[in-house]
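Undergrad: Each chain is listed here by its residues.
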Amino acid sequence: MTLDASYTEYPKRRHGYDHELYTWSAMHERKPVDWGAGRKVAIWLCVSLEWFPITPSDTPFRAPGHMQTAYPDYRHYTAREYGTRIGVYRLLDAFTKAGVTASFATNSANAERYPELVADIIAGGHEIIAHSTDMNGTIASGMAEGAEAALISTSLDALEKATGARPQGWASIARSQSWHTPDLLVEAGVKYCCDWVNDELPYRFNNGLINLPLNHELSDRQIITVQQKSADSYAESTRDAYDWLAKEAAQFGGRMLPMHITPYIIGLPYRIDAFEKLLGDLRARDDAWFATGGEIVDAWEKQP
Amino acid sequence: MLEGAKDPGLYDYAPYRGRKKIVWPEGKTCAVWVAPNLEYYEIDPPVHPKRKPWAKPHPDVVGYSHRDHSNRVSHWRMAEVMSRHGFPGSVSLSVALCQHHPKVVADGVARGWEFFSHGIYNTRYSYDMSEAQERSIIEDSIRTVQDATGQRIRGWLAPALTHTPRTLNLLAEYDFDYTCDLYHDDQVQAVKTATGDLVSIPYSLEVNDHYGFFVYNMSGREYADTLVRQFERLASEGGTVMCIPLHAYLIGQPHRIGPFEEALEHIAKDGRAWLARAGDIVDAWRAQV
Numbered sequence: 000m001t002l003d004a005s006y007t008e009y010p011k012r013r014h015g016y017d018h019e020l021y022t023w024s025a026m027h028e029r030k031p032v033d034w035g036a037g038r039k040v041a042i043w044l045c046v047s048l049e050w051f052p053i054t055p056s057d058t059p060f061r062a063p064g065h066m067q068t069a070y071p072d073y074r075h076y077t078a079r080e081y082g083t084r085i086g087v088y089r090l091l092d093a094f095t096k097a098g099v100t101a102s103f104a105t106n107s108a109n110a111e112r113y114p115e116l117v118a119d120i121i122a123g124g125h126e127i128i129a130h131s132t133d134m135n136g137t138i139a140s141g142m143a144e145g146a147e148a149a150l151i152s153t154s155l156d157a158l159e160k161a162t163g164a165r166p167q168g169w170a171s172i173a174r175s176q177s178w179h180t181p182d183l184l185v186e187a188g189v190k191y192c193c194d195w196v197n198d199e200l201p202y203r204f205n206n207g208l209i210n211l212p213l214n215h216e217l218s219d220r221q222i223i224t225v226q227q228k229s230a231d232s233y234a235e236s237t238r239d240a241y242d243w244l245a246k247e248a249a250q251f252g253g254r255m256l257p258m259h260i261t262p263y264i265i266g267l268p269y270r271i272d273a274f275e276k277l278l279g280d281l282r283a284r285d286d287a288w289f290a291t292g293g294e295i296v297d298a299w300e301k302q303p
Numbered sequence: 000m001l002e003g004a005k006d007p008g009l010y011d012y013a014p015y016r017g018r019k020k021i022v023w024p025e026g027k028t029c030a031v032w033v034a035p036n037l038e039y040y041e042i043d044p045p046v047h048p049k050r051k052p053w054a055k056p057h058p059d060v061v062g063y064s065h066r067d068h069s070n071r072v073s074h075w076r077m078a079e080v081m082s083r084h085g086f087p088g089s090v091s092l093s094v095a096l097c098q099h100h101p102k103v104v105a106d107g108v109a110r111g112w113e114f115f116s117h118g119i120y121n122t123r124y125s126y127d128m129s130e131a132q133e134r135s136i137i138e139d140s141i142r143t144v145q146d147a148t149g150q151r152i153r154g155w156l157a158p159a160l161t162h163t164p165r166t167l168n169l170l171a172e173y174d175f176d177y178t179c180d181l182y183h184d185d186q187v188q189a190v191k192t193a194t195g196d197l198v199s200i201p202y203s204l205e206v207n208d209h210y211g212f213f214v215y216n217m218s219g220r221e222y223a224d225t226l227v228r229q230f231e232r233l234a235s236e237g238g239t240v241m242c243i244p245l246h247a248y249l250i251g252q253p254h255r256i257g258p259f260e261e262a263l264e265h266i267a268k269d270g271r272a273w274l275a276r277a278g279d280i281v282d283a284w285r286a287q288v
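So the sequences go chain by chain: L and B.
Under numbering that gives the first Met the number 0, the first residue of the first sequence carries the number 0, and numbering increases by one thereafter.
Under numbering that gives the first Met the number 0, the first residue of the second sequence carries the number 0, and numbering increases by one thereafter.
These are computed hints drawn from the structure, not numbers from a lab.
Be a bit skeptical, because a hint or two may be false.
[What the hints assert, rightly or not] The calculated lysine-lysine pairs, modelled on DSS-like cross-linking and capped at a C-alpha distance of 25 angstroms, are:
1) K5(B) / K11(L)
2) K20(B) / K246(L)
3) K301(L) / K246(L)
4) K276(L) / K30(L)
5) K11(L) / K30(L)
6) K20(B) / K11(L)
7) K191(B) / K19(B)
8) K30(L) / K102(B)
9) K5(B) / K49(B)
10) K55(B) / K11(L)
11) K19(B) / K11(L)
12) K96(L) / K301(L)
13) K20(B) / K268(B)
[As the list claims (entries may be wrong)] The following label-pair restraints were derived from C-beta to C-beta distances:
14) A54(B) / D231(L): 26 to 32 angstroms
15) G17(B) / Y269(L): 36 to 42 angstroms
16) D196(B) / K276(L): 22 to 28 angstroms
17) S5(L) / Q150(B): 28 to 34 angstroms
18) A54(B) / R84(L): 30 to 36 angstroms
19) A25(L) / G17(B): 28 to 34 angstroms
20) V227(B) / I85(L): 38 to 44 angstroms
21) S5(L) / D282(B): 54 to 60 angstroms
22) Q145(B) / F251(L): 30 to 36 angstroms
Cβ coordinates follow ideal geometry from the N, Cα and C atoms, glycine included.
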């Protein structure tokens with residue numbers, strides 16, 4: 000068997016990227032970002048607020064964390080619900096105690112099902128980022144463009160109705176987009192997405208959409224659930240990241256530390272103490288700025 | 000290789016015990032080389048019948064953008080740490096990076112790094128290539144790297160570790176000196192080819208940052224400790240080669256680079272390490288056997 004001759008032809012081998020989504024730039028060569036008031040590292044707490052139907056969908060793919068056993072999977076359905084009943088309130092209390100605000104990447108189903116939770120999030124001064132409809136609302140190429148547009152507007156409309164404000168930000172489930180997603184988000188009035196992990200500062204797509212990179216490796220899901228490390232190991236890695244970024248900021252300008260967390264993972268009784276201690280330690284750094292995704296994007300846009 | 004044979008006939012058996020003692024310059028006991036993989040993964044590559052380039056339908060946003068982090072952010076972070084402690088790089092290069100992001104390649108040139116080929120893209124796999132296709136990627140690699148860096152490449156790490164039965168013969172025919180694709184030894188070793196001299200230099204899967212973080216699920220600190228242990232043992236045995244294969248998008252993440260720098264500092268200050276490039280190690284070995 001031999002390969003088709005076209006397999007060793009490279010029509011997109013050229014200067015810059017092999018796509019038209021965004022242009023290249025090296026972070027250390029950009030004009031330094033100034034977060035103001037001597038702040039070196041913007042810490043972006045981003046909580047995934049998910050609702051997993053007990054009837055999972057595999058189109059276009061099954062979301063991470065979804066049902067695993069034959070129907071009915073009480074085990075995973077209820078263990079995920081633990082996050083929106085208990086875990087998220089531990090996090091809300093921890094944020095209040097530390098005096099910080101966060102972004103909540105929220106399935107719109109949560110706004111419809113649990114309005115009191117969304118009201119508590121808004122009352123705490125936190126930001127709502129649209130995170131699809133529910134955990135069956137995954138996106139990937141192959142999905143009909145109209146269906147994707149409807150999914151995006153359903154999510155935004157429901158969250159706007161529940162909170163009184165249309166979310167500025169969008170986070171796809173598992174950060175998965177189709178070729179259509181960036182344009183559909185702009186058409187739906189979204190200002191920024193959180194899906195592309197190729198940078199550590201906001202940058203702009205060619206269509207005007209801003210990408211606010213939400214590090215997928217420095218997350219409780221990756222470190223605790225996938226790599227099966229302890230909450231202490233998660234906290235240690237996060238501290239190491241902060242220390243490095245603060246050092247780098249002294250030379251290259253403001254940096255950002257995204258902390259992507261999940262109520263049903265980090266909000267468990269035996270893990271939350273490690274998280275609260277981490278939050279307290281970071282809060283004590285005088286060069287840290289705890290900010291929501293929207294605040295970071297706004298500050299980045301206002302750079303001279 | 001002997002195509003279809005149970006033993007591919009890549010090399011003769013050579014037990015560790017009783018080998019000629021290899022001594023590195025200035026009496027150093029372990030030659031340490033760092034191999035940053037400077038790669039370009041295509042967002043929408045053609046699908047190979049034997050391997051799917053991405054897990055998800057294209058664009059695989061996390062897969063693609065994670066690797067793109069190297070070329071926007073973490074290459075320079077990794078490279079600075081290496082330079083600070085005196086480690087040159089021997090680059091495993093997706094040669095199309097010379098076209099896509101020439102500044103990344105130029106940074107390695109400015110640091111005095113050596114370049115070898117890791118194929119055109121890390122999303123094009125060599126399995127089932129015709130001889131003409133395989134010659135085209137080798138000739139393209141030689142020409143592209145020569146134009147971008149002034150160097151005639153001496154080594155090969157197969158793109159995404161994909162081979163044909165004729166690859167090693169072709170490398171020897173095109174006057175390559177070393178392959179990084181064989182994992183049978185902690186020393187440089189001769190490789191059998193039908194066409195000329197070729198050696199294997201120890202690369203590493205086991206202490207590759209990809210294995211550390213995605214196979215063994217180590218934290219940044221655990222990986223740094225692994226590198227130190229690997230070095231301590233190889234330096235105490237003597238005449239050995241230690242490779243540290245890296246991907247900036249992994250080792251250059253903010254939570255890993257600090258502990259990694261401490262490991263490099265430890266190895267550099269130990270006194271037993273010869274911090275060298277792959278070609279220098281091959282030359283020093285050849286001069287002794």
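Undergrad: If a hint holds in the structure, say so; if it doesn't, say that too.
TA: Hints, verified against the model:
Straight-line distance between C-alpha atoms of K5(B) and K11(L) comes to about 40 angstroms, which puts the hinted pair past the 25 angstroms bound. For the suggested pair K20(B) and K246(L), the alpha carbons sit about 44 angstroms apart, so the restraint of at most 25 angstroms is broken. Proximity of K301(L) to K246(L) is assessed by CA-CA distance (about 24 angstroms); at most 25 angstroms being required, the pair is judged to hold. The suggested pairing of K276(L) with K30(L) is violated, with an alpha-carbon distance near 34 angstroms, which exceeds 25 angstroms.
Distance check on the hinted pair: K11(L) and K30(L) sit about 29 angstroms apart at the alpha-carbon level, beyond 25 angstroms; violated. Restraint check for K20(B) and K11(L): the C-alpha separation of about 50 angstroms exceeds 25 angstroms, so the hint is violated. For a cut-off of 25 angstroms, the pair hint linking K191(B) to K19(B) stands: about 20 angstroms separates their Cα positions. For the given pair, K30(L) sits about 17 angstroms from K102(B) by alpha-carbon distance, which is consistent with the 25 angstroms threshold.
Annotation: proposed proximity of K5(B) to K49(B) holds, straight-line Cα distance about 21 angstroms (limit 25 angstroms). Taking the CA atoms of K55(B) and K11(L), the gap is near 21 angstroms; set against the 25 angstroms cutoff, the hint holds. Between K19(B) and K11(L), the direct Cα distance comes to roughly 50 angstroms. Violation of the 25 angstroms bound is thereby established for this hinted pair. Proximity of K96(L) to K301(L) is assessed by CA-CA distance (about 30 angstroms); at most 25 angstroms being required, the pair is judged violated.
Distance check on the hinted pair: K20(B) and K268(B) sit about 24 angstroms apart at the alpha-carbon level, within 25 angstroms; holds. Distance hint check: the CB atoms of A54(B) and D231(L) are about 30 angstroms apart, consistent with the given range 26 to 32 angstroms. Between G17(B) and Y269(L) the C-beta distance comes to about 54 angstroms, which lies outside the given range of 36 to 42 angstroms. For the hinted restraint 22 to 28 angstroms between D196(B) and K276(L), the CB-CB distance of approximately 59 angstroms leaves it violated.
Taken as a hint, the range 28 to 34 angstroms holds for the pair S5(L) and Q150(B), whose Cβ atoms sit roughly 30 angstroms apart. Between A54(B) and R84(L) the Cβ separation comes to about 33 angstroms, which falls inside the hinted range of 30 to 36 angstroms. For the hinted restraint 28 to 34 angstroms between A25(L) and G17(B), the CB-CB distance of approximately 51 angstroms leaves it violated. Between V227(B) and I85(L) the CB atoms are about 41 angstroms apart, so this pair conforms to the stated range of 38 to 44 angstroms.
Range check, S5(L) to D282(B): about 40 angstroms between beta-carbon atoms, so the 54 to 60 angstroms window is missed. At roughly 33 angstroms, the beta-carbon separation of Q145(B) and F251(L) lies within the given 30 to 36 angstroms, and the hint holds.
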